[in-house]
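Q: Each chain, written out:
There are 2 protein chains.
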Amino acid sequence: MDQLKGACIFGQSGGPTSVINSSAYGIIRSALDSPCITRVLGAAYGIKGVLNDTLYDMGREDPEELARLPYTPASALGSCRYKLADPEKDDTDYKRILEIFKKYDVRYFFYNGGNDSMDTCNKISKYMNKVGYDCRVMGVPKTIDNDLWGTDHCPGYGSAAKYIATTCMEVYQDAHVYDSGMVCIIEIMGRHAGWLTAAAALASNYGAGPDLVYLPETVFDMDRFLEDVEAVYRKTGNCFVAVSEGIHYADGTFVSEAKTSATDGFGHAQLGGLAARLADVVKQRMHVKVRGIELNLLQRCAAHLASQTDITEAYRAGAAAVKAAVSGMTDRMVIFQRQYQEGNYFCRIGFLPLEEVANKEKKIPLDWIKADGTGLELPFLEYVLPLVQGEPELSLEESLPRFAMLKKIRA
Amino acid sequence: MDQLKGACIFGQSGGPTSVINSSAYGIIRSALDSPCITRVLGAAYGIKGVLNDTLYDMGREDPEELARLPYTPASALGSCRYKLADPEKDDTDYKRILEIFKKYDVRYFFYNGGNDSMDTCNKISKYMNKVGYDCRVMGVPKTIDNDLWGTDHCPGYGSAAKYIATTCMEVYQDAHVYDSGMVCIIEIMGRHAGWLTAAAALASNYGAGPDLVYLPETVFDMDRFLEDVEAVYRKTGNCFVAVSEGIHYADGTFVSEAKTSATDGFGHAQLGGLAARLADVVKQRMHVKVRGIELNLLQRCAAHLASQTDITEAYRAGAAAVKAAVSGMTDRMVIFQRQYQEGNYFCRIGFLPLEEVANKEKKIPLDWIKADGTGLELPFLEYVLPLVQGEPELSLEESLPRFAMLKKIRA
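Residue numbers (the working numbering), protein chains in the order written: chain A, 161 to 571; chain B, 161 to 571.
Rather than coming from a laboratory, the hints here were simulated on the basis of the structure.
A couple of the hints might just be wrong.
If several chains are the same, the list does not tell them apart, and a pair holds so long as it fits within one copy or across any two.
Unchecked claim - Derived pair list, reagent style PhoX-like, types lysine-lysine, alpha-carbon separation capped at 25 Å:
hint : residue 1 : residue 2
1    : 522       : 263
2    : 243       : 449
3    : 249       : 290
4    : 243       : 523
5    : 208       : 449
6    : 243       : 262
7    : 262       : 483
8    : 249       : 286
9    : 395       : 208
Chain A extracted, bound-state conformation:
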């Protein structure tokens, strides 16, 4: 075994999730327990923390507080959306990163994020290799969007999917209490891939979810949409619709950003999001009661409704990255490989070269989407259901969340 001794740095990057801190805990715990890793440093605000030399000594945190991380939403050390330049054109950042790595004798670098973050991770890996600095670089996947290439699914998705399905089931009850009908439109995140919005179909599968689900994988047509809504409303006296924020017209224009709308032909900036816009269009056309609901940040930080499967897998992804790196692996991202044993789902850990996953997007297979683009087929439901299973034992104080409180002692 190729033993390499030194410090590690880990960073959290991109939009947060309910369980990204579970991966952090997987990394921290495993790194603290590894004889090869001499010091565990957490970067404040992702790669920015490396560039700014703002690093926290995780070994000086209270172990009990660290153990709360899996149940604490959002990025405990802070995150960033910082894109590294092409090192051929501008290697300033890379030189600085190397300087910091040398300063702290960093031999392990773990980066937890989505597509863009894997690009960062890949570039750092290639640079360190090029300059001959011995450092093992591993990517740990994370994104509620579930659009990372090469992995069956991403940590963060299962919890967001569970939140969306549960919330749709609850809103369904509420949106059907009056005998006067209503059109209810719920807006869900996902700019380019519809995985999150599709999770609303889990609720429909239990008879208490959206009648219509629109994804960015297909082309949105406003007239067809209005016809669909009217048809359901005529038949049932109500209509419940889930839309992805990324639905777009045939020319690629996002419906949320299209200049013209039913209310304002002057091109004024419109307040409110897509749900409010569509609600307005439906109201103008059908003259019925309409309500637009935007799930907003709630869908990615609702740790109280996380999937225990997701929490566990997020932890395993972080721990596996450390174990593999200590064993000699580098330049890889952790991936999940779905398996079934006697019909029961489980998840195997694998690895893919960073270069293969960086900057790629995975969308919902078109044959998992209903031919008319208004819902999901059984294979999707079978795919998502195992990911939302299990209720975590939350840490509560007086029935309110008790999240991890880190001391964040500078290294």
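Once you've looked at the hints, dock chain B against the given chain A.
A: Using the frame of chain A, we list chain B on its own:
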């Protein structure tokens, strides 16, 4: 004891809550178990179900499904916002109600709702008394708004308060992940009373909630608001604000409905709600990242995050109404009386004449609100904390909610 034998009708009225069905179960279970009550009828869509003779025979429901009602959000039998006319001017509806009461030999009427519903209940009670029809009429309180007069608090409020506090704590984590600051504005229900919005201060009390909380009990001033936000942002690099949908200017105009706004002086109908509006005003002034979040229906139907205290008290309110009526009481609404035994909160049941509670509103005492109108004082926190306690054992199937499914067999 004044024994009166006959059927009972109960109805659910006004906006639903997470626990209104728990009160329904308290009524149904107690009525089914009472030897005096010969038949338990549930009205479809509140008083409309009586007027339309759409009544369900609750005795024919599966007891196991009925037992799921306390964990099923929204009004299981449907609700309405129907205002009965002044019987002196138009007694058509009253004659019809009497006709239905006679048809089914109804001797007990239980109505579960808020201010307006207590008005309905009161009018029916007085009419039956006037025409000499022997029927005991009881009101059961319900409203997330917590604005019913005469009771310490209302069933429904505790669960909504818990949802709001928990959600604010989660959003707080998410809204602080980047080193680039953000102003986050969260809009909470409550047109005239700020009880719901005030619950956000519970999160602040744990160091993870809104910096500023604006209630309809005080006058809103846009300039002062912008100064407040800027001051917090300058000091901390972030600002998290909770606003009640009912905040209004000195002349009484709701901020959400004021015609002029920073973006649109043409008086066009604005899409989106108050949070989107305020976010826009802040953005125009401060040129920083801003996000508006509207909790919308989610705050009143999130049964997965209900307070067990609230569920239990809602049940007790329904059961107490039946017990009291069977014992001879009529023309009263159930109220809660707060007690402390060795420092521990508990809730006694009392009764008030319907006339005293109908159409009145209870607001937050002004001395519970910070003098500058941007937050809550300790007495409010001490008031609300006991109401959010306890986690229900939810009925789940494959980790998703399994709500009551009633057969709704017509009487």
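Q: Each hint should be assessed against the structure and marked as holding or not.
A: So, going through the hints one by one against the coordinates:
1. 522 to 263: neither (38 Å within a copy, 63 Å between copies)
2. 243 to 449: between (45 Å within a copy, 19 Å between copies)
3. 249 to 290: For residue 249 and residue 290, the Cα distance is within 25 Å only inside one copy (15 Å; across copies 90 Å).
4. 243 to 523: For residue 243 and residue 523, only the intra-copy Cα distance (23 Å) is at most 25 Å; the inter-copy one is 51 Å.
5. 208 to 449: Result: close only across copies, 19 Å inter versus 48 Å intra.
6. 243 to 262: within (22 Å within a copy, 75 Å between copies)
7. 262 to 483: Answer is within; shortest intra-copy Cα gap is 22 Å, inter-copy 77 Å.
8. 249 to 286: Within one copy only: 15 Å inside a chain, 85 Å across chains, cut-off 25 Å.
9. 395 to 208: Classified as between: cross-chain Cα gap 22 Å, same-chain 55 Å, threshold 25 Å.
Hint 1 alone, counting from the list given before, is not met by this structure.
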